[in-house]
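Here the protein sequences line up with chains A and B, keeping their order. Each residue of the first sequence is one higher than the one before, counting from 1 in our numbering. Each residue of the second sequence is one higher than the one before, counting from 1 in our numbering.
One or more hints might be untrue.
Unchecked claim - Pair by pair, the computed Cβ-Cβ distance ranges are:
| id | chain 1 | residue 1 | chain 2 | residue 2 | range |
| --- | --- | --- | --- | --- | --- |
| 1 | A | A46 | B | D33 | 44 to 52 Å |
| 2 | B | S65 | A | R114 | 47 to 55 Å |
| 3 | A | R141 | B | A137 | 52 to 60 Å |
| 4 | A | L148 | B | R53 | 29 to 37 Å |
| 5 | B | T134 | A | N107 | 34 to 42 Å |
| 6 | B | L100 | A | G86 | 34 to 42 Å |
| 7 | A | T159 | B | N11 | 37 to 45 Å |
| 8 | B | E43 | A | D64 | 23 to 31 Å |
| 9 | A | P81 | B | R207 | 51 to 59 Å |
| 10 | B | N11 | A | A23 | 45 to 53 Å |
Claimed, not checked - Straight-line distance between alpha carbons at most 27 Å, and here's what the computed DSS-like set of lysine-lysine pairs gives:
| id | chain 1 | residue 1 | chain 2 | residue 2 |
| --- | --- | --- | --- | --- |
| 11 | B | K167 | B | K266 |
| 12 | A | K72 | B | K77 |
| 13 | A | K72 | B | K167 |
| 14 | B | K77 | B | K48 |
| 15 | B | K258 | B | K271 |
| 16 | B | K47 | B | K77 |
| 17 | B | K271 | B | K167 |
| 18 | B | K48 | A | K72 |
| 19 | B | K271 | A | K72 |
Worth flagging that the hints you see were computed from the coordinates, not collected in a lab. Positions of the beta carbon are idealized from the N, C-alpha and C atoms, including for glycine.
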Amino acid sequence: MTPDTLPDAEAALAALADRMQGAVAHDAALVGIYSGGAWIAERLAARLPGAHPLGFIDVSYYRDDYALSGLKPNTRRTSLPFDVSGATIVLVDDVLYTGRSVRAAVNELFDFGRPERIELAVLVDRGGRELPIEPTYVGARLAVARNLSIVLSRDPGGTLSLGVEPLTGVG
Amino acid sequence: MAARNPQLNRNGELTHLLTLEGLPAEIVTHILDTAAPFVSIAEREVKKVPLLRGKAMFNLFFENSTRTRTTFEIAAKRLSADVINLNIGASSTSKGETLLDTVDNLCAMNADLFVVRHSQSGAPHLIASHLDATGRAHVHVVNAGDGRHQHPTQGLLDLYTIRHYRKDFRALTVAIVGDVLHSRVARSLIHGLTTMRAAEVRVIAPRTLLPTRVEELGVRVCSDMREGLAGCDVVVMLRLQSERMKGALLPSAGEYFKHYGLTAEKLALAKPDAIVMHPGPMNRGVEIDSAVADGARSVILPQVTFGIAVRMAVLSIISAN
Chain A
1 MTPDTLPDAE AALAALADRM QGAVAHDAAL VGIYSGGAWI AERLAARLPG
51 AHPLGFIDVS YYRDDYALSG LKPNTRRTSL PFDVSGATIV LVDDVLYTGR
101 SVRAAVNELF DFGRPERIEL AVLVDRGGRE LPIEPTYVGA RLAVARNLSI
151 VLSRDPGGTL SLGVEPLTGV G
Chain B
1 MAARNPQLNR NGELTHLLTL EGLPAEIVTH ILDTAAPFVS IAEREVKKVP
51 LLRGKAMFNL FFENSTRTRT TFEIAAKRLS ADVINLNIGA SSTSKGETLL
101 DTVDNLCAMN ADLFVVRHSQ SGAPHLIASH LDATGRAHVH VVNAGDGRHQ
151 HPTQGLLDLY TIRHYRKDFR ALTVAIVGDV LHSRVARSLI HGLTTMRAAE
201 VRVIAPRTLL PTRVEELGVR VCSDMREGLA GCDVVVMLRL QSERMKGALL
251 PSAGEYFKHY GLTAEKLALA KPDAIVMHPG PMNRGVEIDS AVADGARSVI
301 LPQVTFGIAV RMAVLSIISA N
């Protein structure tokens, strides 16, 4: 996998929004997982019809690799400015791989209340799951070597792009 | 070979917190940055995150404390650790067990963290060295106040509070007022402020309540409160520790208040937006007037709240190293 064979992030975002439109509850909250998922959630909130409360989640305190690698620097504050109890929530992430971040995010959501339903929207599903977690909405699917990490970046104008890097941690 | 800083591991990471003296600025900043998002945990429905789930923290207080012991307990519980409070007065120590035997016994009960307060300076350091020398580097020690030496988490929560209200340390003049001689809080804060390159640190106290050669810590000494408070950004009041006083260091509490008690009139000499701090417990009418303690510029209660987040940060950082 080289950078030119990666899908275009903006095209994947458009595809993801198309799949969600009509399928997502009109009042579902969009909760982005920092940092890439937060960018996607912001873009989806602006693009999807209906009024979608927007939240952000930093799963650092719920990760299963804290004992191995400690706290990552620059932990962000989780912000869920709506009542989680009874809400329909779409968790939004950039790249779905092992499923461990999503597991952590689901656990964290339950510490804020009891959601009615949680769905999962991802820009890219690269396979390789280590947990029984499946996305509800996917922008693009691709296969990548295990030793590579797919990284989403955002330029100052807000345009998203995908790149590959050697894998440093488990996503 | 230079002796290794006993609170850092071989990779230079914080593994015990014993003192702010010599603690690198990057580590102090890392602790303060880590504490910031922990403040909001208290606003959740479930005021807990699972970082230290399954860890056992022993509060080992050989000296009385309510606030510090309680805030360590809350910090550990918000990180999902199990907390065991030892009532030392009624324990084996009073039956003649040594400090290190107590520690060995608690390690045999699978302790992961010790939070230690002791009237003897260096007691937490002794425990940390003992653990490291006996191959138990996975057990961590936090100094919760040792003698007149250090109270590093108080120093860190003071730094956090100052940064919260005033951002850049390098632009600040901080006055520390009162019983510096007996105050491990003052010593930790002075080291912390020096490390973070505060523009000026002043200590204001009668000579009898200042350690000899206090200037060598990098502070300016003022015996007159009006001179010392002029133009300050931060005023830190210390408790008059009369229980530690040996001999007649002061004429009377009333006399002390007249000269070194913080009143609205004296506070007016500091900058108009200066904040007032106090580590607690306060002696109203001795070192601080109620009108100031409860006034708009007092951040004494936010200090307590921030103290929990700062202790959460320390516990979660050392536990992973």
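How the hints compare with the structure:
{"no.": "1", "hint": "A:A46 x B:D33: 44 to 52 Å", "in the structure": "violated, 30 Å"}
{"no.": "2", "hint": "B:S65 x A:R114: 47 to 55 Å", "in the structure": "violated, 38 Å"}
{"no.": "3", "hint": "A:R141 x B:A137: 52 to 60 Å", "in the structure": "violated, 45 Å"}
{"no.": "4", "hint": "A:L148 x B:R53: 29 to 37 Å", "in the structure": "holds, 32 Å"}
{"no.": "5", "hint": "B:T134 x A:N107: 34 to 42 Å", "in the structure": "holds, 37 Å"}
{"no.": "6", "hint": "B:L100 x A:G86: 34 to 42 Å", "in the structure": "violated, 55 Å"}
{"no.": "7", "hint": "A:T159 x B:N11: 37 to 45 Å", "in the structure": "holds, 39 Å"}
{"no.": "8", "hint": "B:E43 x A:D64: 23 to 31 Å", "in the structure": "holds, 25 Å"}
{"no.": "9", "hint": "A:P81 x B:R207: 51 to 59 Å", "in the structure": "holds, 55 Å"}
{"no.": "10", "hint": "B:N11 x A:A23: 45 to 53 Å", "in the structure": "holds, 49 Å"}
{"no.": "11", "hint": "B:K167 x B:K266", "in the structure": "holds, 25 Å"}
{"no.": "12", "hint": "A:K72 x B:K77", "in the structure": "holds, 21 Å"}
{"no.": "13", "hint": "A:K72 x B:K167", "in the structure": "holds, 23 Å"}
{"no.": "14", "hint": "B:K77 x B:K48", "in the structure": "holds, 7 Å"}
{"no.": "15", "hint": "B:K258 x B:K271", "in the structure": "holds, 21 Å"}
{"no.": "16", "hint": "B:K47 x B:K77", "in the structure": "holds, 9 Å"}
{"no.": "17", "hint": "B:K271 x B:K167", "in the structure": "holds, 16 Å"}
{"no.": "18", "hint": "B:K48 x A:K72", "in the structure": "holds, 18 Å"}
{"no.": "19", "hint": "B:K271 x A:K72", "in the structure": "violated, 38 Å"}
The structure does not agree with the numbered hints 1, 2, 3, 6, 19 stated previously, though it agrees with the rest.
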